[in-house]
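Student: These are the residues of each chain, in order.
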Amino acid sequence: MTEKIVLNMITQRSIEEGVAMEKGKTTPEYFEACSVVEMNPEDMKALGIWRNTNVRVTSEVGSVIVKAIEPTQYCPPGLAHIRQGVWANQVVPPRTQSTGVPQYSGFPVTIEPVPSEKRKGALELVQGAVGLWRGGK
Amino acid sequence: MPKIVTDVGCPYCGASCDDLEILVSDDGKKILEVYNACAIGNEVFHHASSPDRLKRPRLRQPDGTYQEISYDEAVDYTAKVLLKAKKPLIYGFGSTNCEAMSAVGRVAEKSGAVLDNCASICHGPSFLAIFDNGYPSCTLGEVKNRADVVVFWGCNPMHAHPRHTSRYSIFPRGFFTEKGQRQRKMISIDPRETETAKLADIHLMVQQGHDYELFDAFRTVLRGHDIPDEVAGIRKEAILEAAGIMKNARFGMIFFGMGCTHTDGRNHNVDIAISLTRDLNTVAKYSIMAMRGHYNIAGPGQVWSWQFGFPYCIDLTKGTHAHMNPGETSSIDLAMRDEVDAFINIGTDAGAHFPIDAVKHLRKHPFITIDPNICMASEISDLHIPVAVVGVEEAGVVYRMDNVPIQFKKVVDPPEGVISDEQLFDRVYLRICELTETEPTWIPAKGHAKAPVTAGQ
Amino acid sequence: MAEILVKNGYVIDPAQKIDGDVADVAIRDDKIVESVSSGARVIDARGKVVMAGALDVHAHVAGPKVNVGRLFRPEDKLFKSPEAQPNYRVEMGFSVPSTFKTGYDYARMGYAFVMEAAMPPLHSPHVHEEIHDTPIIDQAALPVFANNWFVLEYLKKGEIENSAAYVAWLIRATKGYGIKLVNPGGTEAWGWGLNCLKLDDPVPFFDVTPAEIITGLMKTNEYLGLPHSIHIHQNSLGDPGNYTVTLDSLKLAKGMKAKNKFGRTQVMHSTHLQFHSYGGDSWANFESKAKDVMNYVNQQKNITIDLGCVTLDETTTMTADGPFEHHLNALNHLKWANTDVELETAAGVVPYIYDKDIKVCGIQWAIGLELGLFTKDCMRTFITTDHPNAGPFFRYPRVIKWLMSQKAREATLETFKHRDKVIDATEIHGIDRELTLYEIAQMTRAGPAKALGLAGMYGSLAPGMDANVAVFNLDYKKMPSNPEKIEQAFQRALWFIKSGEIVVKDGEITSHGNKRTLWVNAKVKENPQVVRDIHEKFIKDYTVNLDNYPVRDYLAPNPFVIDVDVEA
Amino acid sequence: MATVTLTPYKTPELFLECTTITPDAFCGKAPQEIAELEVREGKTKLRMGDYFHVEGKAGKTPEETEIQILGDCTRVKYIGFKMTGGAITVNGNADMYVGGWMKGGKIHVTGNVHSFCGIAMEGGEILVDGKAENYVGCAYRGDWRGMRGGTIRIRGSAGNDIGTFMLGGTIIIEKNAFIHVSTHAEGGTIIIKGNVEGRVGGQMVKGDIYVLGEVQYMLPGFQKIEQVEKEVDGAKVKLDHYIGDLGERHPKSKGKEIYANLFVRAT
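Residue numbers (the numbering used here), protein chains in the order written: chain A, -1 to 135; chain B, 57 to 513; chain C, 2 to 569; chain D, 13 to 279.
In short, the hints are calculated from the structure, not lab data.
Rough simulated footprint, nothing fancy, chain B against chain C, three-plus residues with beta-carbon under 8 Å: (1) 66 to 74; (2) 99 to 111; (3) 536 to 545.
Yeah, the Cβ is synthetic: ideal placement off N, Cα and C, and Gly gets one too.
For reference, chain A alone in the conformation it holds in the complex (with noise of 0.2 Å):
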């Protein structure tokens, strides 16, 4: 078993993520739908973790733990796929080779798993970067 893996990560629209956006951004659809990385069976297996264990994606920005799962449209080995959205934008670089749009496509992230721990709400994420969170509602 690798304590680490490095996988090149891009994050993308998905209709699970559509609809559950506009049901609400607060809502645990979204939280389900969003907070999670799809990767390759392969490199589940070389991280030595099976699908729907809880992993810490880190990036040259910062870490979000989301859940691993099974790719729902198929991802080769090596690269790793967190819906767009609050989950996925913890770690995308804002770098934008000045044209205006991050790296949300094809950056360098490291997964290793941490199935003790929890998975943060999207409000928790966002309200508790800009010192807003206040505990659960």
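Go by the hints and put chains B, C and D onto chain A.
Tutor: Structure of chains B, C and D alone, referenced to chain A:
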């Protein structure tokens, strides 16, 4: 008796379907059923009529909680924030109508703001590519009626534009395409085998981030030159096969998405796609189109181009003219460089969709959200102003992904007292005029139609 | 009740055959009247020229392709936009100005009305949105028809009544003004990457020819009795040797009679004729055929033309002639935008530099002016630059300067690198005609007003007309020897009163005025077949629902509707 | 040559736009007059003197005027904007648009520069001792007329989009570059002394590129035709000569197509 409203536009994705039918309650206040919409569009309408909609603006108090205030107070607060800042940024507009985009143009100009829209983090690079290389494109009906080869590059309409493939691009039977899908060859180019890729005749699983090389390979092959045995993870034979299909089209179409604009090279991935489209036009008829994300995200590109000459990233701080240079005047760059000192988020959710570092930078200064719903941005704002949901509670012009204007209808009334984006901006504009003791300059406004008169002949 | 008296100017009003008489022009509210009370505001025009507000019969100023031109050319703005007037909107862009700059600049030149020359019907809400944001000037737009599937199918079968019922419906639905033809048949062929370069080239699949389309739409127009005639951008635009195609198309009007209640006498308006008066068979032996073309135009009285003068600027070409723009792009390799519009039309946009050091550009420049100088009837010959195709509209004063001054023409010729070659390929060098202010007023006021069927409101200073009055800094009795002064005078009016309101003073904007959108409410007897065809095509072929297609009233909030009723 | 010194004494809250820091704007002016020149911070109009102490003496013409900035200009844009002659030295970093639309004269930045350095430059020299961000010597958005003349030398590394739409002049990057070198170029010379990740010469019509390190991902549109020895920036090197971009259009001369040249250090 509940009534059906027909030909309703869907305020979700850039496919801007306008064939929805909505069953509305007796009193015309509640949405009961939504027909013809995709799963997401369905949700938009139902969410709009949920009972927990906000009805008044909320201002954050020193203890961190929100308190309701009047619209007048919210307008005054917003006007003062805009006037006080040296360089305020007004950003968003993916989900509102063109009337609001026009109204905000007046506000931004008067207050010396930077005006930007969601394209800035989405298809902005496509604009950069269009600036450099043009845009041979068409309306979606051309695809439906003529296209026999359709390429989806770095986009996944089955997820992002659920009805795109059935209304326009793969399945529909058109005038010259009576056999529908059977008459079309479909190529998908994507690093993942997406639902869209699964539908395709050919899926080229390009190595992520190396689209530019693959485009260059197609162009090189089309000019009759040899290429290496493998490019961007794709074997030469597969490239030759796909190039052969593209070349043999009568009417070919290339759709591209975030897979191109969100990764290394950004604009140049689109830039070279446009070059490829130009090349292909020497052997067949070809068009290319950006898979725009929101139902009216093409709108600000249109409205602001006719008002300011630029589709996005418009710096109006000089007062005498507009300046645009993405990389400098783009929201993320402005945020990361601490180059703005006030932020208004409208018709989008920067809180969820900006990288968190950019959110942190923006939060150092006054932060206002204008949105019908609770979202991440509203929950970190100093002020949240709820507004009517465009396409549900407010009519207006929207521009579909192919820049076709669609006149969206209103289906139900907004919650009592809730105003539209356009009304809000017009009130902010008037307040700014009051505060600066200047005369408002209007061009005769829409909505004040006089009775037609006839030429005296 | 607001009254204005423009006093003691040299009045030039060809509609009343007034040429430089010193007279007063009285205005009450938005009309010109015989006289006003002593309380009227007096504008002293002594020693200055007074004309009616001008009309532009053909310019691309609003709509999707114009906006593509704006959007995809940031470099057309950089260091090229003037500083905004305080308290007015910013004015961005050079060759494709923003809507605000468009309205302001036309007003500064004393223009009251501008025709948007090509409206793709599917995009008509967009056109009206832009018209709404264009201050001061009155506008109308011509929907394009010559590649429309309905029209192609009706005309193939010679069904003029059906064609008329459809055309009337579409003009109403789009709040349009008349019938525009762009590259008849050729633009539909462009749907497959092809073109129709000759009048008998059949349109792929539809099996109808450009000649049949032109004749059919001409008949349709007169059947409906629209205020304007068909307005045609002919086939084979911009190709060496195209003047024969041009003459062939003009001849299609032979024997046709104008039938309308608006005082219009032409049955065909042939636009930007400069681009259609080319001789030679390649760019190497490219030459002017302006004389041949104008000889024909002069003798056939039921056609009108506009010039499409090249102004020698870096500009942006844009036209519904999709295949032409593709062809142009293959020549200059600059960026190329194209939009094919389902069932209706297409458009292309390419930046272009008319460089005085390139022989062909010099010849094109000469041809546009030759057309104006060879005309024998300034009431049928109008000044345009096909804005922005041959140059931006705010160069009209420069075109006027060239038309009015041989000295100015020669001075420009002198700057050409290939002066002698241009002289060899054209006749410009030998022409000593200098148009008069009266003739200029015919070409920009009385003439276009009549051709548009609007002579009852625009183009004259007679009592009862709309109060559009421009005062220019020119002394009719003592015209300046320096032609630059002519250009300066027409660039910035001393005064411009639009619909009774002073909108320009000393060349600066003073008010957003009262703008109007003119559209034609053409009504025919209900035609069940056409109604059925429309419903069917919207269900099967369009991607927009029929119910959302017609322009909603609120988008044209200041309408001026012209009713046209066809008796059963 | 007369020298004016600018000593920054205050850091702007946002960024200063100083299109007036040029020998052209300074020449013929006394320090007090220079201190009155307008600079902008967002929508506020300020005086040069609000941020800089101005001392020394300007020459009569731009050519006779040297500007020494004694301090950091990390938050100052447009230094040397449209300058036609004379010299500017920045002792420290400078922000965007250093030498933008420059026609002549010399600029020396001892620190780093941000993006758009030498944008649409027509002549003169820019020397940066540190590194540059993106879009060195590029064209303004939408313009097909990029850098036309002059020399830019970056002693450090540079990011993406070096010499986009370049038509003439020389750009030298002494360390590494990221991606997109000479994209769409129709002339000019770019020398990268370090490595480049890729996209070298994409959509390139004409012009020359030298990479003395490695190109990690070569474009398929470039084909090796020979090995040559050439002098590059004063040193003799053995190079593989590629032509391309074979996917792009190329002008013909005497019936033969003229390609762009890419020279990469021979392995």
